[in-house]
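Spelled out from the first residue to the last, the chains are:
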Amino acid sequence: MVTKKNSDTTFDKIIPSRDPNGFLFFRDEVLFRQINLTFRKNYDHFIRSDLYEKLVSLKLLIPHSEVTKQYAKTEQAYKVIRPKVVPFISYPYEWCFSQLKDAALTTLKIQKIALDHGMVLKDATPFNIQFVEGVPKHIDTLSFEIYKEGKPWVAYRQFCQLFLASMLLAGYRDIRLLHLLRIYHEGLPLDLVSALLPVITYLNPSILTHIHLHAKSYKFSGGKLNLEKRNSMSRNALLGLLDSLESVVSNLHQSEKSSNWENYYCDNSYTPQAFTHKKEIVSSYLKDVVDGRVLDLGANTGEFSRLTARKKLYTISLDSDAKVVEMNYVVCKKEHEVNIMPLVGDITSPTPGAGWETKEFSPLTDRIVSETVMMLALIHHIVIAGNISMERLAQYLYHLCKKRLIIEFIPKSDTQVKEMLRFREDIFPDYNKDYFMKVFGKYFAIKDSQKIYDSQRMIFCFDRKK
Amino acid sequence: MFKFFLLGILYLIWAKPAWAYLDPGSGSYMLQLLLSGLLGFTFLLKMKWRRIKTFIVGMWEKLNGNKEKQ
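Going line by line, the protein sequences match chains D and C.
Following the working numbering, the numbering of the first sequence begins with 1 at its first residue and continues without gaps.
Following the working numbering, the numbering of the second sequence begins with 1001 at its first residue and continues without gaps.
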């Protein structure tokens, strides 16, 4: 147990929470969680039943250590704990299909183990899951409450609305529908999901029950059936419910519609020699990068993220195409690549702050600031396709990058840029290497630049100016 | 039990908007209660089937192992 004299609490940063049983706060940049007296029984059972130990040993829950009550923020405190810090906070609307699926299966696994220890999850939301060392882990100690025999699963609605509904839409309709989680943090409306799913899903007993009938149940008071009097759901029925959810989630796969970017590395603008040379240049610019986080913008399937991950550098591998992020995640899982965090995100329209007062979920831009930023073969998409000026791009990268910037410049003579300008007016007279160097030179000091062999493209290595 | 389940399902299919102030969680709660019997029964069947399957596979492997030894 950590003991330390209480420091000045005036500048503590409290993380907004709706849970009356506790909250998270930062003090001197250290994360703490206050557990209130209202949650005492549940927390004690959680520890004494060995559920905490079991979940931590199975790498399903973030470990924590208890600190003295001197750290408490209010008089309602029962305990104060110091949870292990998650290296990067991501939200379900930034995950690919398999990340969401793994998070759903982890939640069900935790619920089954909790039941063996006489507890249940009172929340089943993907917002309580974070990817740590490549695997999904539960982060909320306040989600476990004592199981009352006969009581239905209180988090069933949340599981169906957040996990199952979004995965079914991505599986049966289109992967891009995962973005609905960005609007519906509390869960997708089941009547909407039911209407969007194909009629054939009515023939699947699990989907019929968990989505279509569930959607109807909102309009149903149940008064005539006196269901309140039958207030009992056996443990076997609860296990059956979890089994049914597990089986429908396990059998789900994302829809097979192809994306524009999934064959990028097979069908791109580089000859094999040029691609090897590009990798060599980037590797040489990474030689003196030994610490800090890396942000790979427009990472595609993560080819270049692997260069930094092999140097044991935690790498956020960001791409706007959910399908290539899926491919990246599948490779990471297969190769046990724990230093890469594949993420869906578009830097021309990054996920904003959301929730109550837009403070519950922080914006992507605030979370991805990193020591090293790589932006390879992306500048033409931002400046020409996205109409973002070179100046604004340089300013934005200055905000995202703390030390090193490795950026590829694609000239107008490149076939890809020519294709982009083929059917539109060229309103980019300043899009050239000299102007690029002039603008970026305001914010970054140039270290080196090299032309890629057998290509028009160039890689620049910059260091951020103070 | 079956009559109750069938009646419940029919209610759900032809449900009309009830109380606007009804907590959406209560629908999920009632759905679980309604399906409780069926879920429990299918879960027990599944468990029994898994046991039978394990027993048969075990026997088969034992028999094959004996044959290989001979």
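Hint data in this document are derived by calculation from the structure and do not stem from the laboratory.
Backbone N, C-alpha and C define an ideal beta-carbon position, used for all residues, glycine too.
Please note: incorrect hints may appear among the correct ones.
[Said to hold, decoys possible] Here are the computed lysine-lysine pairs in the BS3-like style, where the Cα-Cα straight-line distance is at most 25 Å: (1) Lys1062/C / Lys151/D; (2) Lys109/D / Lys1048/C; (3) Lys109/D / Lys1046/C; (4) Lys447/D / Lys418/D; (5) Lys112/D / Lys1053/C; (6) Lys359/D / Lys122/D; (7) Lys84/D / Lys73/D; (8) Lys112/D / Lys1046/C; (9) Lys109/D / Lys84/D; (10) Lys112/D / Lys1048/C; (11) Lys73/D / Lys359/D; (12) Lys279/D / Lys151/D; (13) Lys1053/C / Lys109/D; (14) Lys311/D / Lys334/D.
[Unchecked claim] Restraint-style ranges between C-beta atoms, simulated for each label pair: (15) Asp174/D / Lys1062/C: 46 to 56 Å; (16) Ser255/D / Trp1060/C: 38 to 48 Å; (17) Leu105/D / Gly1025/C: 16 to 26 Å; (18) Lys1062/C / Asp19/D: 47 to 57 Å; (19) Pro189/D / Asn1066/C: 40 to 50 Å; (20) Thr276/D / Lys1062/C: 29 to 39 Å; (21) Gly1025/C / Lys112/D: 37 to 47 Å; (22) His336/D / Gly1025/C: 31 to 41 Å.
[As the list claims (entries may be wrong)] Only part of the chain D face toward chain C is listed, based on derived beta-carbon distances under 7 Å: (23) His214; (24) Ala237; (25) Gly240; (26) Asp243; (27) Ser247; (28) Cys461.
These are the hints, each one checked on the structure:
no. : hint                             : in the structure
1   : Lys1062/C / Lys151/D             : violated (43 Å)
2   : Lys109/D / Lys1048/C             : holds (21 Å)
3   : Lys109/D / Lys1046/C             : holds (18 Å)
4   : Lys447/D / Lys418/D              : violated (29 Å)
5   : Lys112/D / Lys1053/C             : holds (22 Å)
6   : Lys359/D / Lys122/D              : holds (23 Å)
7   : Lys84/D / Lys73/D                : holds (19 Å)
8   : Lys112/D / Lys1046/C             : holds (16 Å)
9   : Lys109/D / Lys84/D               : holds (21 Å)
10  : Lys112/D / Lys1048/C             : holds (19 Å)
11  : Lys73/D / Lys359/D               : holds (20 Å)
12  : Lys279/D / Lys151/D              : violated (58 Å)
13  : Lys1053/C / Lys109/D             : holds (23 Å)
14  : Lys311/D / Lys334/D              : holds (19 Å)
15  : Asp174/D / Lys1062/C: 46 to 56 Å : holds (50 Å)
16  : Ser255/D / Trp1060/C: 38 to 48 Å : holds (39 Å)
17  : Leu105/D / Gly1025/C: 16 to 26 Å : holds (23 Å)
18  : Lys1062/C / Asp19/D: 47 to 57 Å  : holds (53 Å)
19  : Pro189/D / Asn1066/C: 40 to 50 Å : violated (60 Å)
20  : Thr276/D / Lys1062/C: 29 to 39 Å : violated (55 Å)
21  : Gly1025/C / Lys112/D: 37 to 47 Å : violated (22 Å)
22  : His336/D / Gly1025/C: 31 to 41 Å : holds (39 Å)
23  : His214                           : holds (6 Å)
24  : Ala237                           : holds (4 Å)
25  : Gly240                           : holds (3 Å)
26  : Asp243                           : holds (6 Å)
27  : Ser247                           : violated (10 Å)
28  : Cys461                           : violated (54 Å)
In summary, the structure is inconsistent with hints 1, 4, 12, 19, 20, 21, 27, 28 from the numbered list given earlier, while agreeing with the others.
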